[in-house]
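> Listed below, chain by chain, are the residues.
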Amino acid sequence: MTLRELKVCLLGDTGVGKSSIVWRFVEDNFDPNINPTIGASFMTKTVQYQNELHKFLIWDTAGQERFRALAPMYYRGSAAAIIVYDITKEDSFQTLKNWVKELRQHGPPNIVVAIAGNKCDLSDAREVSEKDAKDYADSIHAIFVETSAKNAININEVFIEISQRIPVLDAGGGAAGNGFKLRRRPSETRTRTCC
Amino acid sequence: MDPLDSSESRLVESANAAENTESSLPWARFSSWLECVCVVTFDLELGQAIELVYPHDVKLTEKEKTSICYLSFPDSYSGCLGDTQFSFRLRQSVGRRGSWFGEEDAYSRDAPVTLQRELAHFYGYVYFRQVKDAAVKRGYFQKSLVLVSRLPYVHLFQSLLQIIAPEYFEKLEPCLEAVCNEIDQWQSPVPGLTLNLPVMGVVMQVRIPSKNDKPGGSPEKQAQKENLLPAPMMLPTIHELDLFKCFQSFLIHLQMLWELMLLGEPVVIMAPSPTVSSETVLALVSSIAPLRYCCDYRPYFTIHDTEFKEYTTRTQAPPNVILGVTNPFFIKTFQSWPHIIRLGELKMSGDLPKQVKVKKLAKLKTLDTKPGIYTAHKMFLQKDKSLIKRLLKGIQRKRPSEVQSAILRRHLLELTQSFIIPLERYLASLMPLQRSVTPWKTPPQIRPFSQEEFMGTLEHAGPQLTSVLKGDWVGLYRKFFRSPNFDGWYRLRHREMTQKLECLHLEVVCDADLLGWTKDKSEVEIVDLVLKLREKLMKAGKQQLPVKEGVLEKLEGYLQTVISSLPEDLQTVLHRY
Numbered sequence: 001m002t003l004r005e006l007k008v009c010l011l012g013d014t015g016v017g018k019s020s021i022v023w024r025f026v027e028d029n030f031d032p033n034i035n036p037t038i039g040a041s042f043m044t045k046t047v048q049y050q051n052e053l054h055k056f057l058i059w060d061t062a063g064q065e066r067f068r069a070l071a072p073m074y075y076r077g078s079a080a081a082i083i084v085y086d087i088t089k090e091d092s093f094q095t096l097k098n099w100v101k102e103l104r105q106h107g108p109p110n111i112v113v114a115i116a117g118n119k120c121d122l123s124d125a126r127e128v129s130e131k132d133a134k135d136y137a138d139s140i141h142a143i144f145v146e147t148s149a150k151n152a153i154n155i156n157e158v159f160i161e162i163s164q165r166i167p168v169l170d171a172g173g174g175a176a177g178n179g180f181k182l183r184r185r186p187s188e189t190r191t192r193t194c195c
Numbered sequence: 001m002d003p004l005d006s007s008e009s010r011l012v013e014s015a016n017a018a019e020n021t022e023s024s025l026p027w028a029r030f031s032s033w034l035e036c037v038c039v040v041t042f043d044l045e046l047g048q049a050i051e052l053v054y055p056h057d058v059k060l061t062e063k064e065k066t067s068i069c070y071l072s073f074p075d076s077y078s079g080c081l082g083d084t085q086f087s088f089r090l091r092q093s094v095g096r097r098g099s100w101f102g103e104e105d106a107y108s109r110d111a112p113v114t115l116q117r118e119l120a121h122f123y124g125y126v127y128f129r130q131v132k133d134a135a136v137k138r139g140y141f142q143k144s145l146v147l148v149s150r151l152p153y154v155h156l157f158q159s160l161l162q163i164i165a166p167e168y169f170e171k172l173e174p175c176l177e178a179v180c181n182e183i184d185q186w187q188s189p190v191p192g193l194t195l196n197l198p199v200m201g202v203v204m205q206v207r208i209p210s211k212n213d214k215p216g217g218s219p220e221k222q223a224q225k226e227n228l229l230p231a232p233m234m235l236p237t238i239h240e241l242d243l244f245k246c247f248q249s250f251l252i253h254l255q256m257l258w259e260l261m262l263l264g265e266p267v268v269i270m271a272p273s274p275t276v277s278s279e280t281v282l283a284l285v286s287s288i289a290p291l292r293y294c295c296d297y298r299p300y301f302t303i304h305d306t307e308f309k310e311y312t313t314r315t316q317a318p319p320n321v322i323l324g325v326t327n328p329f330f331i332k333t334f335q336s337w338p339h340i341i342r343l344g345e346l347k348m349s350g351d352l353p354k355q356v357k358v359k360k361l362a363k364l365k366t367l368d369t370k371p372g373i374y375t376a377h378k379m380f381l382q383k384d385k386s387l388i389k390r391l392l393k394g395i396q397r398k399r400p401s402e403v404q405s406a407i408l409r410r411h412l413l414e415l416t417q418s419f420i421i422p423l424e425r426y427l428a429s430l431m432p433l434q435r436s437v438t439p440w441k442t443p444p445q446i447r448p449f450s451q452e453e454f455m456g457t458l459e460h461a462g463p464q465l466t467s468v469l470k471g472d473w474v475g476l477y478r479k480f481f482r483s484p485n486f487d488g489w490y491r492l493r494h495r496e497m498t499q500k501l502e503c504l505h506l507e508v509v510c511d512a513d514l515l516g517w518t519k520d521k522s523e524v525e526i527v528d529l530v531l532k533l534r535e536k537l538m539k540a541g542k543q544q545l546p547v548k549e550g551v552l553e554k555l556e557g558y559l560q561t562v563i564s565s566l567p568e569d570l571q572t573v574l575h576r577y
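Taken in order, these protein sequences are the chains called L and B. Each residue of the first sequence is one higher than the last, beginning at 1 in UniProt numbering. Each residue of the second sequence is one higher than the last, beginning at 1 in UniProt numbering.
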């Protein structure tokens, strides 16, 4: 089986739940009192997609304004970006649009963009309609899902859809993101942080 | 209960416990790599000043801060326009609260002696930027980003600086905050492990060498095969320098410099820049690996150094240190030193780097000293001409610098090993026979080291067995015995042997019939046994003695049985201890 490493970054306003999404995906856990991320944190998880193993190298960036200028280091070379907003905060959807603009201007040319409307368990307090968000996502050809890191809704799905959109490897090995033949290491499916 | 089983689960538990305390302390993981990160700037009124320290609560004494300030800037005489990287080493202030890494921690137990954590010094790894900037009063932007660490991982930290420093100069404090928090997520260095170190969107991959690595082997190559794509940033080494580049202007004198290092002679390197100065000093210090260079060394030393007076006093003989300097003022200061290596900008003669000449010390007096090795040192061994030929041919054939460095490193390793193997062999013969270790007596003593006895072994088992180099090996050994490097080597080996004896003793005690022995003994003798045994067990735990698995647990069990055979009042007293 071929193992491919895919660099993925999470972008979005502070407090929308970027770290919670990563934590749910990698650890299948949820902590309501998670600390704000400083700079970025790094985690990995390997999942099988068809006859390939996709190892996601996930850079979970800080949403706070003072770290904003650091973002290029994390989306540089990324295969995909998950931009997260909070469905109960209209402002966070506006921030998302700014991230899309920035990625268009400065991001890698073929980056896969996924939009995640998080906290869909709080639909009573909803400020962003699902339809508006979906229309916007379609207009920029982005993946769109509403997620709940708290209730584990659509978290794995985001990553599965990313896997689907990653260009298939050229059989001749000519593609830019070359795969690597894996020898007898099938047990590795889940690793946390470094090593 | 299966003793093996219990020991195993205990090990796992203690490992978990260690990890828990490690991650619960603020900055615990960060401080297993770095002490702090400093930003040093040039202030028109104050001169060099620390602009920022991260983490904010890190404790540096005023003296340490001053030293870091001066050592982080190139001397005014060296231009250094653009970006410059170099390293320094400074002495920690007296009375500084020791770090929480004891001498007996797992890292120091398993790391090679040359990669031990410093207990009394810090390394500083510097990235200095000096560019024209009209917005600044002085006309120049001058700033250094400095990583302060106890670890001699020069290649890793200089590579890290190449990633973070240019970003820092653009994005300032939030960038530093992010980097430090990312480093705080790194796994602590564990000898023998390959680690992935994520920082600023890239993952560096490094292997931490272990004491058990085969010298001269390259386990990194194997790691490369397992490498994944897109490739993380692979560092082939954490600490090795490009030896060939460092030594290229004195390749033909390598043998002499190796001797000077081995003997811990006072040496001054006068270099055209802090980069050349620090790389040359670090390369020289590493040239006697796997022996540890036990004297003080300063890759970059300035007149502002707190040890300046101590090291340049004329009332005593020069100290056993190697200093790298760039300020020509030092020529006068170090006139009385026995070995001064003056390096200039690298010059080529045809294809080959111009080699400096050995010169008489008397020639040093001129103001504008020419490049050369100013020394009266008489070489003990002959030069290895075939090595020099091979290297020079390599230059003509444009052999890559890494390959040239590998040849050099291999040569130096074999040379050091040829020198050290007879010593190791003799030392092993001082170990008491295994059968003299008995349960009812304190462990036998290691026989004292006799220089004459050792010299007697050289005829049959000397370096001639592994080295073709001719010369006065005996004279070299005699001088080596007077050097701090011998002292350091002997102390370390002696400690290891003492620990080995202690292990053997614990093992024979474990196999002895302790309970049977207590049958006809008085209470006093039994209590004495309990106390002694307990002390031994405590020491074994504290020093992390490499005892066979299960021995300590089994002894602990015996101890409890012996205690429970005593009258109840005594039992309570003993349990309370």
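Just to be clear, a hint being listed does not mean it is correct.
[Claimed, not checked] Some chain L residues close to chain B (C-beta under 7 Å, calculated; not the full set): (1) 42; (2) 49; (3) 69; (4) 73.
[As the list claims (entries may be wrong)] In silico lysine to any residue, SDA-like type, Cα no more than 20 Å apart, as pairs: (5) 332/B x 371/B; (6) 45/L x 187/B; (7) 65/B x 109/B; (8) 45/L x 196/B; (9) 45/L x 194/B; (10) 542/B x 510/B; (11) 554/B x 480/B; (12) 55/L x 56/B; (13) 171/B x 106/L; (14) 171/B x 111/L; (15) 383/B x 536/B; (16) 214/B x 239/B; (17) 55/L x 234/B; (18) 521/B x 438/B; (19) 59/B x 109/B; (20) 214/B x 52/B; (21) 171/B x 66/L; (22) 55/L x 196/B; (23) 63/B x 81/B; (24) 55/L x 194/B; (25) 143/B x 52/B; (26) 45/L x 239/B; (27) 548/B x 521/B; (28) 539/B x 557/B; (29) 171/B x 64/L; (30) 211/B x 371/B; (31) 171/B x 37/L; (32) 45/L x 480/B; (33) 211/B x 544/B.
Don't read these hints as lab results, they were simulated from the structure. Just so you know, even glycine gets a beta-carbon here, dropped at the ideal spot from N, CA and C.
> Within a Cα-Cα threshold of 20 Å, do residue 143/B and residue 52/B meet the stated pairing?
With Cα atoms ~11 Å apart, residue 143/B and residue 52/B stay inside 20 Å; holds.
> Can you confirm whether the C-alpha distance between residue 55/L and residue 234/B stays at or below 20 Å?
Holds. Residue 55/L to residue 234/B sits at ~18 Å (cutoff 20 Å).
> Is the straight-line distance between the alpha-carbon of residue 214/B and that of residue 239/B 20 Å or less?
holds, 17 Å
> Checking one constraint from the list: CA of residue 65/B to CA of residue 109/B, max 20 Å. Satisfied?
Roughly 31 Å between the alpha carbons, so the hint for residue 65/B and residue 109/B is violated.
> Below or equal to 20 Å on CA atoms is what counts here, so check residue 55/L against residue 196/B.
holds, 14 Å
> Taking only the CA atoms, is the gap from residue 211/B to residue 544/B under or equal to 20 Å?
holds, 16 Å
> Starting from residue 55/L, check that the Cα of residue 194/B is at most 20 Å away, please.
holds, 18 Å
> For a C-alpha distance cap of 20 Å, please report whether residue 171/B and residue 106/L respect it.
holds, 17 Å
> Has the given pair, residue 55/L with residue 56/B, been kept, meaning a C-alpha gap of at most 20 Å?
violated, 36 Å
> So, residue 69/L near chain B? Judge it on the closest CB pair being under 7 Å.
holds, 5 Å
> Decide if the proposed pair is consistent with the structure: residue 63/B and residue 81/B, CA atoms, cutoff 20 Å inclusive.
violated, 28 Å
> Assess, step by step, whether the Cα of residue 539/B is no farther than 20 Å from the Cα of residue 557/B, and give holds or violated.
holds, 17 Å
Of the hints listed earlier, those the structure fails to meet are numbers 2, 7, 11, 12, 14, 15, 19, 20, 23, 26, 27, 30 and 32, in rising order.
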